[in-house]
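Visitor: Here the sequence shown stands for residues 1 to 213, where the numbers follow full-length UniProt numbering.
The set of hints was computed from the structure by calculation and includes no laboratory data.
Among the hints, erroneous ones may be present.
Quick list of simulated restraints, FRET-style, between CB atoms [to be verified]: (1) 165 - 92: 18 to 26 Å; (2) 122 - 44: 19 to 27 Å; (3) 30 - 132: 48 to 56 Å; (4) 140 - 37: 48 to 56 Å; (5) 198 - 132: 30 to 38 Å; (6) 116 - 32: 39 to 47 Å; (7) 99 - 3: 24 to 32 Å.
Beta carbons: idealized from backbone N, C-alpha and C, even for Gly.
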Amino acid sequence: MRVIDLTRTISNTTPVYPGTEAPSVSVVNTYEESGFQETLLRFYSHTGTHMDAPKHIYPEGISLEKKEVSGFVGKACIIDVTDVSAGGIIDFSFIQRNKERVEGAEFILFQTGWDKYWGKAEYFGEYPVISEEVARYLVEKQKKGIGLDNIGLDPISDLELKLHHIVLESGSMVIMENLCNLDLIGEKEFLLVALPLKFENSDGAPIRAIAIL
Numbered sequence: 001m002r003v004i005d006l007t008r009t010i011s012n013t014t015p016v017y018p019g020t021e022a023p024s025v026s027v028v029n030t031y032e033e034s035g036f037q038e039t040l041l042r043f044y045s046h047t048g049t050h051m052d053a054p055k056h057i058y059p060e061g062i063s064l065e066k067k068e069v070s071g072f073v074g075k076a077c078i079i080d081v082t083d084v085s086a087g088g089i090i091d092f093s094f095i096q097r098n099k100e101r102v103e104g105a106e107f108i109l110f111q112t113g114w115d116k117y118w119g120k121a122e123y124f125g126e127y128p129v130i131s132e133e134v135a136r137y138l139v140e141k142q143k144k145g146i147g148l149d150n151i152g153l154d155p156i157s158d159l160e161l162k163l164h165h166i167v168l169e170s171g172s173m174v175i176m177e178n179l180c181n182l183d184l185i186g187e188k189e190f191l192l193v194a195l196p197l198k199f200e201n202s203d204g205a206p207i208r209a210i211a212i213l
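Build the full structure now, drawing on both the sequences and the hints.
Guide: Rendered as structure tokens:
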């Protein structure tokens, strides 16, 4: 068995969506003063490698702490879309080329290669995004979730978040953003475990996502 971490570390320098407050990770109790170490964490629910719940977009949508925990674990496949140019569309041909793998998976992860820009200004640029056709197809196939190695499912310029609305409307799917290390998996079959931090009224939460091969 091989386990691969797909999760970014949250720190004071973690890139965040434009307009969002940066996280703060600070030691407030030290061994010298208190005899133990304790850290104060302050960050938004969609910080780092995280998961979006239907409640992120829909007021009556389900929040993460109310979802069955089985919705965070399942067979997954990675679709390599690194040949899609900046600002390009991941169209349905990628689904067709990987049809057997997609049909057998519960989570579909798109490897855009954009994680190479993590920590750089380009990370918030014109990254590739899936088409509405792809989004609707995955909803129709009742997948558990979609994941990407970039900052968001929608283009950063789309304030209406059309793709988020499509994917989260059913109430059964989740979105994972800011994944990493997808290139270490390739086309191998694997089990995805993506457990969100559990807190009340969770519209989204940081996750510890791992691939078990």
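Visitor: Indicate, hint by hint, whether the structure satisfies it.
Guide: Here's how the hints hold up against the structure:
1. 165 - 92: 18 to 26 Å: For residue 165 and residue 92 the Cβ distance comes to about 19 Å; the hint holds.
2. 122 - 44: 19 to 27 Å: Cβ of residue 122 to Cβ of residue 44: about 22 Å, so the range 19 to 27 Å holds.
3. 30 - 132: 48 to 56 Å: holds, 52 Å
4. 140 - 37: 48 to 56 Å: Given about 49 Å between the Cβ atoms, the range holds.
5. 198 - 132: 30 to 38 Å: holds, 32 Å
6. 116 - 32: 39 to 47 Å: Given about 40 Å between the Cβ atoms, the range holds.
7. 99 - 3: 24 to 32 Å: holds, 28 Å
When each numbered hint is compared with the structure, no violation occurs for any of them.
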